[in-house]
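Kindly generate the complete structure, drawing on both the sequences and the hints.
Read top to bottom, the protein sequences are chains A and B.
Read in order, the letters of the first sequence correspond to residues 1 to 431 in this note's numbering.
Read in order, the letters of the second sequence correspond to residues 1001 to 1244 in this note's numbering.
Incorrect hints may have been included.
Stated by the list, open to error - Derived DMTMM-like pairs (lysine to aspartate or glutamate); straight-line CA-CA distance at most 25 Å: (1) Lys378/A with Asp1121/B; (2) Lys181/A with Glu1108/B; (3) Lys378/A with Glu1218/B; (4) Lys1224/B with Glu339/A; (5) Lys1224/B with Asp379/A; (6) Lys1224/B with Asp356/A; (7) Lys342/A with Glu1130/B; (8) Lys1224/B with Asp386/A; (9) Lys132/A with Asp219/A; (10) Lys342/A with Asp1227/B; (11) Lys154/A with Glu1080/B; (12) Lys292/A with Glu103/A; (13) Lys314/A with Glu1130/B; (14) Lys1224/B with Asp351/A; (15) Lys1236/B with Asp386/A; (16) Lys154/A with Asp113/A; (17) Lys1224/B with Glu384/A; (18) Lys378/A with Asp1223/B; (19) Lys354/A with Glu1080/B; (20) Lys154/A with Glu1038/B; (21) Lys1224/B with Asp338/A; (22) Lys1236/B with Glu189/A; (23) Lys1236/B with Glu339/A; (24) Lys389/A with Glu1218/B; (25) Lys342/A with Asp1223/B; (26) Lys1236/B with Asp338/A; (27) Lys424/A with Asp379/A; (28) Lys342/A with Glu1218/B; (29) Lys354/A with Glu1218/B; (30) Lys154/A with Glu1135/B.
As the list claims (entries may be wrong) - Over the 10 Å line for every Cβ pair with chain A, so calculated as not near, a few chain B residues: (31) Gln1157; (32) Gly1179; (33) His1187; (34) Thr1203; (35) Tyr1213; (36) Ser1231.
No lab work stands behind these hints, which were simulated from the structure alone.
Heads up, the beta-carbon is just placed ideally off N, CA and C, and yes, glycines get one too.
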Amino acid sequence: MSKPTGLHYVLPILAGRVTRFVTRLRGGGSAMPGVVVQKLAPHIMRDVASQLPYGVVFVLGSNGKSTTTNLLSAVMREHGLRVFTNPSGANMPQGIASAILAETSLTGRMNADIAILEIDEGYGAAIARQLKPASAVILNLLVDQIYRFGEPDKVAQMFRGIAAEITSSIVLNRDDNFLGKLGSELEAEGRLNVEYFGATAEVQAAAPHGQVSARDFTDAQTVNFRTAVAEVVRADGYDAQISWAGDVYDIRMPSRGLHYAVDIAAAFTLAARNLGDKFDITRAITAVQTTKTVYGRGEILQVNGVEVEILMLKNLASLQLNLDYLEGTPESVLFAYDESSKDPSWLYAADLSKLDHVNVISGPKGAFVALRLAYEGKDFGVIEPDITKAVQRMLDGPRPTSGRHTFFLDYDQMMATRRYLGYKDLEAGAA
Amino acid sequence: MTISVLELYPAHLSLNGDVGNRTALVRRMRLAGLDVSEHAYHPGDELPAAPDIVTIGTGTSSAQRSLASDIARIAPLLTEWSEAGVVIFAAGAGFHLLSASVRFGSDEVIPGAGVFAGSVDASRPRIITEAFAVESDLGLLIGTENHTSVFVGRPDQKPLGRVRHGVGNGDGTDGAVTGNSFGTHLHGPALVLNPRLADDLITRATSRAGVDYVPNAEHTSLDKTVDLARSILLAKVPATAQKS
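In structure tokens, the structure reads:
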């Protein structure tokens, strides 16, 4: 049994640092250092995590992981905690290991009070066995990555497996089909403290396509009315109202939409669970209102006096909700689709009535987007597979009278676009 | 004369944007100047009048199980339509539910509607082929397959085609054809990528209805974009498969 700290970690961590230095010189990825250190010191992750006074928190769900991790971290920091978090998107085992080790001293200590980690559902159970998280939030279960998971029911199984590794409490989306059922199971089991966040039935009914949750067809049993710790009672553009402990609070959100408001409710519920009496709702609201959006998730870039809004295009739910909460018909639109989205079939399930045209289509699979628009009889402008050329074409085109271009981008295309537009801060974050 | 298109169980069988099949058929007919009406059938609905074209798409195993009793209820109607020559296009789970039976486990089998002669074992390891390619009488069909099944059809029933890349039924063929009913593992919006198949289905339906379907320049223009999307998948069919 290894001790929590000690000199025996000096060599493995040094080896990891050397690996990081070498992979960076070669322009390589951030996963390799984690691989090296874990080979040399298999229990290092558990030992580092176990020293954190507030433990490890997992943020899970099909969509909204990065946003909620960012919001929750901001709320915790506003309460004076030192937060360690993984760079957005680095949510698989080696990426997390690398991120943790980059922040760990040579003797295996981390200068933080809490680790808030967004976790990929496919690897969640394995990571949980290593890190023993005290608490977790599951945001939603959407039709997502069918190419990888086969069907949403498989993802429900994965969440079940992760929940089994959580040691203290779990926070769930009350209004999600699959998660409501998982909540019933966990309540019956009685091992974990189970709490919920949600949105009122009125707010959900008013959303053009609701939360676009996946449907659970296994049995039709209705879940009894449950109280949500934090409940969205209004979501209108950037403005939300959240009901908390009997009062309703106004919140000006960093980005638009019901999905963003629900992520805030999730962050409040989990923050309060972890902070107990120290949780202060006004501090939490201040944190949310002053936080910046995660890159590429409703982020607005300033480029030569024109705004470029980047909306992520990950699956049906992310596209639909981002369309639903646009302010009017976007005037100048770039739409890019790349190889990381293996199967674009879901595009046909999207309601594109919010768009009346697209100016430029890009990415290696852009033709699938063009085809979707062609079947709808909508003009898709030009197809420029190279994303940087496509972005430049948008910037060289007429200046939109609204002063804003709207870009729907896949993850890889988003990264390339930000880099091209001179936003190079991402590289600094990842170890 | 209005051509009616009926989508079965769109709330249950829509895992892969399957409504795209309806979109493709309806769009092509409207571009040719035909009157088209679109309908949906959900479990427990009043039994619909015979349409000209039926589509049914892909879904999870839990969705399929939940439809078992309703499939049994409408089975006589569906087989009657099929025998009468109503055009049916069934993809993935929809194809399976219109076969004789679907097996989900060693002791769990649900009866299908019996439009296609053959049975499905849907308890196999998952198969995912991004560029699933099938040689058919209507040229090379391309799309994606994602299922856990083997289909064993009656030997005298024609498959849709021979698999060039992927798995399909599991014996080198894919799908089944009986009269004007077509089943396939080309999932989701197969018809948006395969306009020759879409046009064949439309022609069968419109001839039965006594209407002419004549594609025009709008179709040619649309199909240029189809070719761009098709070429992305065709490039992923391995060269060894290309030769055969």
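Right, here's what the structure says about each hint:
no.: 1; hint: Lys378/A with Asp1121/B; result: 41 Å, violated
no.: 2; hint: Lys181/A with Glu1108/B; result: 23 Å, holds
no.: 3; hint: Lys378/A with Glu1218/B; result: 13 Å, holds
no.: 4; hint: Lys1224/B with Glu339/A; result: 21 Å, holds
no.: 5; hint: Lys1224/B with Asp379/A; result: 14 Å, holds
no.: 6; hint: Lys1224/B with Asp356/A; result: 21 Å, holds
no.: 7; hint: Lys342/A with Glu1130/B; result: 7 Å, holds
no.: 8; hint: Lys1224/B with Asp386/A; result: 20 Å, holds
no.: 9; hint: Lys132/A with Asp219/A; result: 32 Å, violated
no.: 10; hint: Lys342/A with Asp1227/B; result: 18 Å, holds
no.: 11; hint: Lys154/A with Glu1080/B; result: 36 Å, violated
no.: 12; hint: Lys292/A with Glu103/A; result: 23 Å, holds
no.: 13; hint: Lys314/A with Glu1130/B; result: 18 Å, holds
no.: 14; hint: Lys1224/B with Asp351/A; result: 23 Å, holds
no.: 15; hint: Lys1236/B with Asp386/A; result: 19 Å, holds
no.: 16; hint: Lys154/A with Asp113/A; result: 34 Å, violated
no.: 17; hint: Lys1224/B with Glu384/A; result: 16 Å, holds
no.: 18; hint: Lys378/A with Asp1223/B; result: 15 Å, holds
no.: 19; hint: Lys354/A with Glu1080/B; result: 41 Å, violated
no.: 20; hint: Lys154/A with Glu1038/B; result: 33 Å, violated
no.: 21; hint: Lys1224/B with Asp338/A; result: 20 Å, holds
no.: 22; hint: Lys1236/B with Glu189/A; result: 48 Å, violated
no.: 23; hint: Lys1236/B with Glu339/A; result: 12 Å, holds
no.: 24; hint: Lys389/A with Glu1218/B; result: 29 Å, violated
no.: 25; hint: Lys342/A with Asp1223/B; result: 22 Å, holds
no.: 26; hint: Lys1236/B with Asp338/A; result: 14 Å, holds
no.: 27; hint: Lys424/A with Asp379/A; result: 33 Å, violated
no.: 28; hint: Lys342/A with Glu1218/B; result: 29 Å, violated
no.: 29; hint: Lys354/A with Glu1218/B; result: 24 Å, holds
no.: 30; hint: Lys154/A with Glu1135/B; result: 32 Å, violated
no.: 31; hint: Gln1157; result: 27 Å, holds
no.: 32; hint: Gly1179; result: 27 Å, holds
no.: 33; hint: His1187; result: 7 Å, violated
no.: 34; hint: Thr1203; result: 19 Å, holds
no.: 35; hint: Tyr1213; result: 17 Å, holds
no.: 36; hint: Ser1231; result: 8 Å, violated
Checked against the numbered hints above, the structure violates hints 1, 9, 11, 16, 19, 20, 22, 24, 27, 28, 30, 33, 36; every other hint is satisfied.
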